[in-house]
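2 protein chains.
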Amino acid sequence: MKTIRDIGEFGLIRKLCARLPHAGDDCAILPGPRGKHLLLTCDPVVEGIHYLPATPPYRVGWKAMARNLSDIAAMSGVPKWAVVSLGLRPTTPVRYVTELYRGLTAAARPFGCQIVGGDTTHVRHEPFVVVTLTGEVERRRLVRRSGAKPGDAVFVTGKLGGSLRGKHLTFTPRIREARWLTQHFRVHAMIDISDGLASDLQRLVEAGGVGFDIRAEKIPANGSLRAALIDGEDFELLFTVAARDAGRLRSRYFEIGRVIKQPVVLLDHRPLTAHGYDHFQPR
Amino acid sequence: MKTIRDIGEFGLIRKLCARLPHAGDDCAILPGPRGKHLLLTCDPVVEGIHYLPATPPYRVGWKAMARNLSDIAAMSGVPKWAVVSLGLRPTTPVRYVTELYRGLTAAARPFGCQIVGGDTTHVRHEPFVVVTLTGEVERRRLVRRSGAKPGDAVFVTGKLGGSLRGKHLTFTPRIREARWLTQHFRVHAMIDISDGLASDLQRLVEAGGVGFDIRAEKIPANGSLRAALIDGEDFELLFTVAARDAGRLRSRYFEIGRVIKQPVVLLDHRPLTAHGYDHFQPR
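Residue numbers (numbering that gives the first Met the number 0), protein chains in the order written: chain X, 0 to 282; chain V, 0 to 282.
Worth double-checking, as some hints may not be accurate.
Across the chosen pairs, the derived CB separations fall in these ranges [as the list claims (entries may be wrong)]: (1) X:His124 with V:Arg164: 22 to 30 Å; (2) V:Ala241 with X:Arg94: 38 to 46 Å; (3) V:Pro20 with X:Leu163: 34 to 42 Å; (4) V:His183 with X:Ala241: 57 to 65 Å.
One-sided excerpt, in silico: chain V residues whose CB lies under 10 Å from chain X [said to hold, decoys possible]: (5) Leu39; (6) Thr131; (7) Ser223.
FYI, nobody ran anything at the bench for these hints, they're computed from the structure.
C-beta atoms are modelled at their ideal positions from N, C-alpha and C, and glycine is treated no differently.
Just chain X, same shape as in the assembly:
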């Protein structure tokens, strides 16, 4: 019998999304108030997978919230409301939970996002935190994964790789950056880099039907090129704009390549075979 390890997370999500008309982007895009879109996104973190038993609970909460805020950022949205589902062992100190909530709240507050509810359950083995967020975005400022055009310049908002050394627990979601971008530029396509540049470029290919030619020397790497390509949890934004806009962005962000017609990812003109983190096919 075919398991989800056989088809990988990409394969599974592709299969599930095929039946869901609003899915397939970083957030679901729904009718919202006052001519805006309502955004809806959720993202689980699990002990032993996304954080360790020894990770300070404040940081667990921060990460669980910031990952979701990053999905709102990827659509150029403004986050609004959050609900939190907690799975906890009964032996968990009360202090652990209040610290976790302090982290959740601290990550959300700077963006005007408020926790408005949630639920708890007990677990025997693996605690988890699932945050669900709503957001809003003006129709003309919505950015999807699709929309990149051949000839576009490709940018990332920050350095990539090595997030597990600490950044994955402390990063600032790129909401302000995304809002600034869509205020001043026509952003054609955008995604947050959660599973590694290589995988998230591939997602833009699948969504947009175009490809990417990335210049290895232009990738802003925290360590090795390989780490910058395949490490997960950078939570920087990957986006494309018309080539004529590139000049005004180079002083702020990192231009790493061009959009091409052929729906493949190239690294220095050769097919990129590396891929990033897959939940059901761990390296």
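Chain X is fixed; fit chain V onto it per the hints.
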């Protein structure tokens, strides 16, 4: 160090909600479109806690969705959009996941509710499903846990107890019943019975500052009185209306007692000491 087992789920949620202005009811109540309230709720189910490894995945999906729909029903809301976070072992058959989604969709569809997105992660031990729902309710038809008035008649929409024999996997959330009630009556307070009548009466006491005098012989029990009081997962609605409205409701629902001034739960005029299911203090 005090653990969450020491304070119980009631204690933990009371502590967390104290800091959350919109929390404390079955759903968060937020500003919505066209003068309506937006409702937001989430509810996790975990393998080994809410369902068994052998439970058919269609039923797991059904239950995960129906529990959330029941929270929307408790506010007299109409469900709209759902997102789903899945924690799965990599060895899970693909078929298991598509069946789970079939159950999620089947439970949601009759109410016009649509799954619009989600995310997946791997787990080592305990799979989980977290559904988050949005809903809407007209301002004048919103019903909260608070609002019961001394002298009100207290009703439940169906038989209680013994849900674990099967109903917990197949129940129909009482959305139509709640909508009918608020179309024809002024419902003062409402909650869905998820952790047993005894516990959920206590929640209405905490929310509304009034009490309940329940008549044991009037409780519609599937088995023993004790089971009807403390078994969880009935997912019937518990609500109060003015005594003058009780006559018109008795042919449809079960009148079980009266609202009293004193903020306690009485069973045949004596304090009820039994309590229902507590996630962090399992019986």
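Verification of the supplied hints:
| no. | hint | result |
| --- | --- | --- |
| 1 | X:His124 with V:Arg164: 22 to 30 Å | 27 Å, holds |
| 2 | V:Ala241 with X:Arg94: 38 to 46 Å | 45 Å, holds |
| 3 | V:Pro20 with X:Leu163: 34 to 42 Å | 36 Å, holds |
| 4 | V:His183 with X:Ala241: 57 to 65 Å | 58 Å, holds |
| 5 | Leu39 | 5 Å, holds |
| 6 | Thr131 | 4 Å, holds |
| 7 | Ser223 | 25 Å, violated |
Violated hints amount to a single one, hint 7; each of the other numbered hints is respected by the structure.
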